[in-house]
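Chemist: In case you want the letters, here they are:
2 protein chains.
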Amino acid sequence: MKKNLLIIHGGGPTAVLNASLYGALKEAGKYPQIGRIYGAKNGTGGVLREKFISLEEVPDDKLQLLLQTPGSAIGTSRDELGEKEYERMAEVLIKWEIGYVLFNGGNGTMDTCGKLHKTCRNKGMDIAVMGIPKTMDNDISVTDHSPGFGSAARFIAQSTRELCADVRGLPIHVVVMEASGRNAGWITAAAALASDDGGPGPDLIYLPEIPFDEDQYIEDVKKLLTRKKGIVIVVSEGLKDQEGNPVVEPIFKTGRATYFGDVSSYLAGLVIKRLGYKARGEKPGLLGRASILLQSSVDREEAELAGELACRAVLQKESGKMVAFRRLSTSPYRIEPFLVDIEEVMLVEKTMPKAFINEEGNGVTESFKEWCRPLLGGKLTQMTHFNQE
Amino acid sequence: MKKNLLIIHGGGPTAVLNASLYGALKEAGKYPQIGRIYGAKNGTGGVLREKFISLEEVPDDKLQLLLQTPGSAIGTSRDELGEKEYERMAEVLIKWEIGYVLFNGGNGTMDTCGKLHKTCRNKGMDIAVMGIPKTMDNDISVTDHSPGFGSAARFIAQSTRELCADVRGLPIHVVVMEASGRNAGWITAAAALASDDGGPGPDLIYLPEIPFDEDQYIEDVKKLLTRKKGIVIVVSEGLKDQEGNPVVEPIFKTGRATYFGDVSSYLAGLVIKRLGYKARGEKPGLLGRASILLQSSVDREEAELAGELACRAVLQKESGKMVAFRRLSTSPYRIEPFLVDIEEVMLVEKTMPKAFINEEGNGVTESFKEWCRPLLGGKLTQMTHFNQE
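Just so you know, the sequences run in chain order V and S.
So in the working numbering, the last spot in the first sequence is 461, and the numbers never skip.
So in the working numbering, the last spot in the second sequence is 461, and the numbers never skip.
Looking at chain V on its own, in the form it has when it is part of the complex (with noise of 0.2 Å):
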């Protein structure tokens, strides 16, 4: 008997999250054991509303667009559900006929991926719950990284090579450019590779993981200053201080969603303060989950494949699980994706481990830019100067 595929986009989007509903729309196509596909219309909301879009007889051009669209082309959500919900969500798959879902998102999408196969094992429903990881952050546990990290990543170590190339050339400048990750600094660290290949890269890195301490941060400025005239600093929105708090208030708290404040204006105001440099502050801030031209093609091909094999598994009829990528060697890359039991991944968060930051806490090691630096999908963009320092 046909059974219908649903796949629910969840969280924040990717520079590639489009790109694994690429690679599960192509997969699912294969089938003829699927009936329907539907997307949910804005996330899991749009279950419990029985809000769905028809992905099956999308025409190829239309798809191929997927690879270079940001955002969620089905709509995504941040919503909180209660027991209630996932009742609802079982009643809906079940009157709708959907044999396959895929979550695709983050921690908290997992954790509802999660739920949500419990509550349709526990009522003995015949349905196969798969997760596709997806988050720009990399916080998600066990997999080596996640589609849309390697995107990101691309993206803030391009922008920081240009961003030094401009303030190289310019009178004393300090810019501090902030990234993205709320608690894990893997983003921001990536900045580290703008110096590849003898190319223009970060002063200073300050990194959610390590408290922040304004006089230390203060007194590496000043001491860069007396040897280098243009300062590029690059830093996390989440920074924290010594005893867990913001270093800038949050202006805004929804839910599990919190709106930081500027923390990259505000270091950049303690320079100007404190040692009376110019200086300014950069947040490309959701830029750097929606440029395409810097996706980074080894995320793009991994998120596709994510979305492919998710499907390929819930036509096996696994469930509870998420699709997960071991990483076999970094130079030759190669990974080899295997299937997670959900469980160990429901709202766990991956920070940043110690051997990964150096010493002084205001940078990363080299073990981490040989491990970042296959995920940017190949080299940035040469640059040259005449103007020695």
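The set of hints was computed from the structure by calculation and includes no laboratory data.
Hints are supplied without guarantee of correctness; some may be wrong.
Note that identical chains are pooled: a pair holds if it fits in a single copy or bridges any two copies.
[As the list claims (entries may be wrong)] Cut-off 30 Å, straight-line C-alpha distance, at most; resulting in silico cross-link-like pairs (BS3-like, lysine-lysine):
id, residue 1, residue 2
1, 345, 312
2, 350, 312
3, 301, 187
4, 300, 156
Given the coordinates of chain V, assemble chain S onto it according to the supplied hints.
Modeler: For chain S alone, coordinates are given in the frame of chain V:
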């Protein structure tokens, strides 16, 4: 008798400042009457201190990289110069046997260029001084547009499209993106081109030419939120109120340079406080002039041409002028370069004409889009979505 050529960069860089340098250097290499080719290290300050970079023997592969290097490859400055400094510069030019001087910069630099030309002429010196227009803000007068602007326009248009694609799939969300341009809204306005060819575009655009009214802004947003859930607003960093005061107080001032507070964060905060909706501010800042992947090919070619023509002009003993572009036709796009008396552009700031701004003062007209479109150097990336509102 051979004379040496000197190239001086002034003010903030653009994505194609080094492309003009490339054009000038390539052209200069063709003339046997040119002896040495110098770059002033870090702008006029380098001339005063006799810090020159030899550029006549740069290998071709390194020269080529100038086309994809943001910033100023020979450095730049934003120094205040008095009569004494112009006298000193004239002395240095004589001492170093310089017969040709090219200034690459914006309004301020063209002022310097004109004053140096005058100083040399008053002294009866045999020196030709020529300006190459450069400004991301497009605020140099007389010329149809200036090298640097097309790339900044492409950056903001593509980034806005990406941001809109991202926000389109989210739960209610207001994003305010800040664009460069203190007094001239050209870059901010170019965000409107995001919606070309059916792409997702910004909902509101606020330019520095129009006095900003916070109540009207909140009304505009409120009205939109009755029919849309993802709102993207693009604002100029230099928004001013009815009295001409910056919407956000500048955080740092020095000479001609003003460091603004973040208008985007402030306006996002207003939405949160007054409407209770989620909102965030983004500020790509310097990335908007440093992105190489979003360089406009038209801009790059014109920048190169401007450098080339300025060099050719000084060889023909033209002096006290700037290379400018006249638009012959918009469709097909055709321009004609000409030389303008530097007096006409010195410190004159060109802002957006009324005909390019919509009646409500929160967007642009079709005539602006038609004028701006060819400068982007080709279409933006195409996108798709299945989540019609």
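Chemist: Each of the hints needs a verdict: does it hold here or not?
Modeler: We went through each hint and held it up to the structure:
1. Taking CA atoms no more than 30 Å apart as the test, residue 345 paired with residue 312 passes in both settings, with 20 Å inside one copy and 24 Å between copies.
2. For the identical chains of this complex, residue 350 and residue 312 are neighbours both inside a copy (24 Å) and across copies (22 Å), given an alpha-carbon limit of 30 Å.
3. Taking identical chains as interchangeable, the C-alpha atoms of residue 301 and residue 187 lie at most 30 Å apart only when they sit on different chains, with a minimum of 28 Å there against 54 Å within one chain.
4. Proximity of residue 300 to residue 156 under the C-alpha cut-off of 30 Å is restricted to the inter-copy arrangement: shortest distance 29 Å between copies versus 60 Å within a copy.
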